[in-house]
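**Q** Model the full assembly from the supplied sequences, consistent with the hints where possible.
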Amino acid sequence: MEKESIGIIGAYSIDSLPQEILGKISKGLTKTEIGGAVKPDIAERWKIAPSGKAYAFYLRKNIYFSDGTNLTSSDINYDFADVSVTRPDKYTIVFSLKDNYSPFLATVSKPVFKKGYVGVGDYKIKKIELNGNFIKSIELYSEKYHKILTYQLFYPTVSALKTAFALGEVSKITNLPDLNFKNTTFNSFKNVAVEKKTNLASLATLFYNTKDKILSSKTLREGLSYTMPDNFEQGKRNSSPLPYFSYANQGGYDIYQQDLEHAKLLIDKSETGTGSGKISLTIDTLAKYESVAKFIANIWKKLNIETKIQVINQIPSSFQIFLGEFSVSSDPDQYVLWHSSQINNITRYNSARVDKLLEDGRKELDVRKRISIYTDFQKYLLSDPPASFLFFPYYYEVSKK
Numbered sequence: 001m002e003k004e005s006i007g008i009i010g011a012y013s014i015d016s017l018p019q020e021i022l023g024k025i026s027k028g029l030t031k032t033e034i035g036g037a038v039k040p041d042i043a044e045r046w047k048i049a050p051s052g053k054a055y056a057f058y059l060r061k062n063i064y065f066s067d068g069t070n071l072t073s074s075d076i077n078y079d080f081a082d083v084s085v086t087r088p089d090k091y092t093i094v095f096s097l098k099d100n101y102s103p104f105l106a107t108v109s110k111p112v113f114k115k116g117y118v119g120v121g122d123y124k125i126k127k128i129e130l131n132g133n134f135i136k137s138i139e140l141y142s143e144k145y146h147k148i149l150t151y152q153l154f155y156p157t158v159s160a161l162k163t164a165f166a167l168g169e170v171s172k173i174t175n176l177p178d179l180n181f182k183n184t185t186f187n188s189f190k191n192v193a194v195e196k197k198t199n200l201a202s203l204a205t206l207f208y209n210t211k212d213k214i215l216s217s218k219t220l221r222e223g224l225s226y227t228m229p230d231n232f233e234q235g236k237r238n239s240s241p242l243p244y245f246s247y248a249n250q251g252g253y254d255i256y257q258q259d260l261e262h263a264k265l266l267i268d269k270s271e272t273g274t275g276s277g278k279i280s281l282t283i284d285t286l287a288k289y290e291s292v293a294k295f296i297a298n299i300w301k302k303l304n305i306e307t308k309i310q311v312i313n314q315i316p317s318s319f320q321i322f323l324g325e326f327s328v329s330s331d332p333d334q335y336v337l338w339h340s341s342q343i344n345n346i347t348r349y350n351s352a353r354v355d356k357l358l359e360d361g362r363k364e365l366d367v368r369k370r371i372s373i374y375t376d377f378q379k380y381l382l383s384d385p386p387a388s389f390l391f392f393p394y395y396y397e398v399s400k401k
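Residue numbering for the sequence shown follows this note's numbering, beginning at 1 and increasing consecutively.
Think of the hints as simulated: they come from the structure by calculation, not from any bench.
You may find that some hints are simply not true.
[To be verified] Label pairs and their in silico Cβ distance ranges:
no.: 1; residue 1: 70; residue 2: 4; range: 38 to 44 Å
no.: 2; residue 1: 213; residue 2: 192; range: 49 to 55 Å
no.: 3; residue 1: 342; residue 2: 116; range: 33 to 39 Å
no.: 4; residue 1: 60; residue 2: 16; range: 24 to 30 Å
no.: 5; residue 1: 169; residue 2: 262; range: 48 to 54 Å
It should be emphasised that the depicted structure is a prediction, and the values quoted were computed from it without experimental measurement.
Beta carbons: idealized from backbone N, C-alpha and C, even for Gly.
**A** Shown next, in the form of structure tokens:
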């Protein structure tokens with residue numbers, strides 16, 4: 001029986017297991033591919049009503065939970081607001097929505113569980129060790145792969161995780177921003193394998209407060225967008241709100257290739273630039289992006305922009321510029337990020353045209369029409385940028401050979 005001990009940063013309760021673990025112990029009605037396409041999983045097929053408001057899923061009959069019981073429609077218990085559920089028979093479940101919602105097929109890719117995290121995946125939970133309300137370790141077992149995975153979930157920092165690996169407490173660590181360890185690097189360790197990966201679930205982004213007295217200038221924000229480098233050593237470049245791999249990002253949008261000369265013209269032309277001359281900006285940055293903030297500040301210095309950098313550990317309630325990230329969904333819908341009515345629209349962006357496109361995009365079921373809608377969404381959002389979209393972060397996975 002193969003055994004592996006994996007260290008993960010963070011504090012997790014029984015009700016907040018990381019996605020890496022959830023995905024191993026169960027599956028959803030559907031599954032999403034990296035480009036956003038939705039495929040059958042627990043459900044073998046589905047049917048959408050002509051109105052677009054009812055989704056019938058027909059379950060595979062040979063799906064079993066890890067406790068040996070057969071999965072039926074009564075076991076599907078997603079807790080969705082404004083959705084009514086009927087179960088016409090043992091292997092059919094119908095969701096009736098109040099309004100059209102085209103990302104719904106991707107939404108039901110969420111793993112299905114019975115009480116106690118009993119799932120239908122290749123692994124099942126064998127043992128959980130708690131420290132108060134938080135999980136200290138969780139052991140998964142797979143009969144299919146003849147493998148035991150033990151996740152150690154109590155490391156508060158990257159430094160603590162690295163030390164645990166060096167001391168042999170765990171055989172594998174992941175999501176490392178770098179390979180540095182004390183006065184050396186993990187690359188120099190014997191019998192250690194290092195793998196560089198890209199986190200395609202988070203897009204590092206420079207968010208502008210569009211209601212700020214300086215950054216309310218559309219021309220200034222355009223100018224700042226043209227200062228962004230074409231490549232970042234910290235990740236894979238993605239200069240548009242939709243990921244380069246999304247089916248809705250046909251041909252990509254890359255209008256802001258670095259052009260410092262044009263950037264200076266726009267900045268000088270802006271309401272702020274035509275005033276006192278020198279512009280002062282403040283970037284609040286997550287600690288992991290501090291080096292990126294300094295890199296950008298050095299570029300801005302060449303254009304007579306003075307930049308103050310403040311390191312923070314969470315999304316600030318108020319800011320001028322925030323260097324952070326947002327979670328990238330498999331569906332192109334970004335309503336909650338940019339629609340003027342949404343609390344998660346942290347830039348306070350307000351565009352009637354973009355609002356309408358976002359509203360239409362999450363109601364339209366036809367893929368070709370959605371592509372057209374999101375092409376226009378990117379076009380108009382980037383012509384009045386509430387943010388500069390930077391990169392998908394690289395991370396490292398280190399394991400014992």
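**Q** All hints, please: hold or fail.
**A** Now the hints, each set against the structure:
| no. | hint | result |
| --- | --- | --- |
| 1 | 70 <-> 4: 38 to 44 Å | violated, 30 Å |
| 2 | 213 <-> 192: 49 to 55 Å | holds, 52 Å |
| 3 | 342 <-> 116: 33 to 39 Å | holds, 35 Å |
| 4 | 60 <-> 16: 24 to 30 Å | holds, 29 Å |
| 5 | 169 <-> 262: 48 to 54 Å | holds, 52 Å |
In summary, the structure is inconsistent with hint 1 from the numbered list given earlier, while agreeing with all the others.
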